[in-house]
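A.B. asks: In case you want the letters, here they are:
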Amino acid sequence: GENVEQHPSTLSVQEGDSAVIKCTYSDSASNYFPWYKQELGKRPQLIIDIRSNVGEKKDQRIAVTLNKTAKHFSLHITETQPEDSAVYFCAADAGGTSYGKLTFGQGTILTVHP
Amino acid sequence: ETGVTQSPTHLIKTRGQQVTLRCSSQSGHNTVSWYQQALGQGPQFIFQYYREEENGRGNFPPRFSGLQFPNYSSELNVNALELDDSALYLCASSLARTGELFFGEGSRLTVL
Chain P
39 GENVEQHPST
49 LSVQEGDSAV
59 IKCTYSDSAS
69 NYFPWYKQEL
79 GKRPQLIIDI
89 RSNVGEKKDQ
99 RIAVTLNKTA
109 KHFSLHITET
119 QPEDSAVYFC
129 AADAGGTSYG
139 KLTFGQGTIL
149 TVHP
Chain F
1088 ETGVTQSPTH
1098 LIKTRGQQVT
1108 LRCSSQSGHN
1118 TVSWYQQALG
1128 QGPQFIFQYY
1138 REEENGRGNF
1148 PPRFSGLQFP
1158 NYSSELNVNA
1168 LELDDSALYL
1178 CASSLARTGE
1188 LFFGEGSRLT
1198 VL
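So the sequence lines, in the order shown, correspond to chains P and F. The numbering used here numbers the first residue of the first sequence as 39 and each following residue consecutively. The numbering used here numbers the first residue of the second sequence as 1088 and each following residue consecutively.
Derived by calculation from the structure, the hints in this document are not laboratory data. One or more hints might be untrue.
To be verified - Far from chain P, some chain F residues (derived; all Cβ distances over 10 Å):
(1) 1100
(2) 1115
(3) 1147
(4) 1156
(5) 1164
(6) 1169
(7) 1174
Unchecked claim - Listed next, the stretches of chain P that the computed footprint assigns to chain F, with coverage defined by at least 3 CB atoms under 8 Å from CB atoms of chain F:
(8) 80-91
(9) 140-146
Even glycine gets a Cβ: it sits at the ideal position worked out from N, Cα and C.
Please take these sequences and the hints and turn them into a complete structure.
C.D. replies: See below:
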């Protein structure tokens, strides 16, 4: 089955800096890669996603890049703000009959210091 | 449009007991997936229901079972509770074949 590795496990940055979180996956059939933000005691919320026919996607301060050959994808947050502090999870979905069956990474605790 | 709702939000059980968790899917969504999130870990896929039938299962024993009803709401049942079952149980709904999941707030289960 799919295996998703996420690094780093913790990331501390100063407000205004950029943050990068990286994930690798094992199943070459995976074709949907969402990123979720989870604040303490809250539900995971989708912040951005990318499908395998696209190499990069951007939404304001957040961007995701995908390298299908290397089987890795990354989340980039620019101009970080204290409210970006949370746990971030990457995930992979093999699609087809596996739609909605996400395999998650272990999470990255992002702390943005004012 | 209502989001995904789960009940109860918190519950405490003792080892060996049984528990039923409930989930109402987002309006228009016909697929419900359940995930277990242990403290400090990413969510782990338990199973998915599509049109009232199980449509895939993760690496969980048979004492984890579920149902989906005609209105697409769902239940997760866990028998013979073990201490390691203590976790946040997340329900997520989606339109089949889109992959985008919308999560509920979860049910936090503590097994003593």
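A.B. asks: If you check each hint against the structure, which ones fail?
C.D. replies: Violated hints: none at all, because every hint is consistent with the structure.
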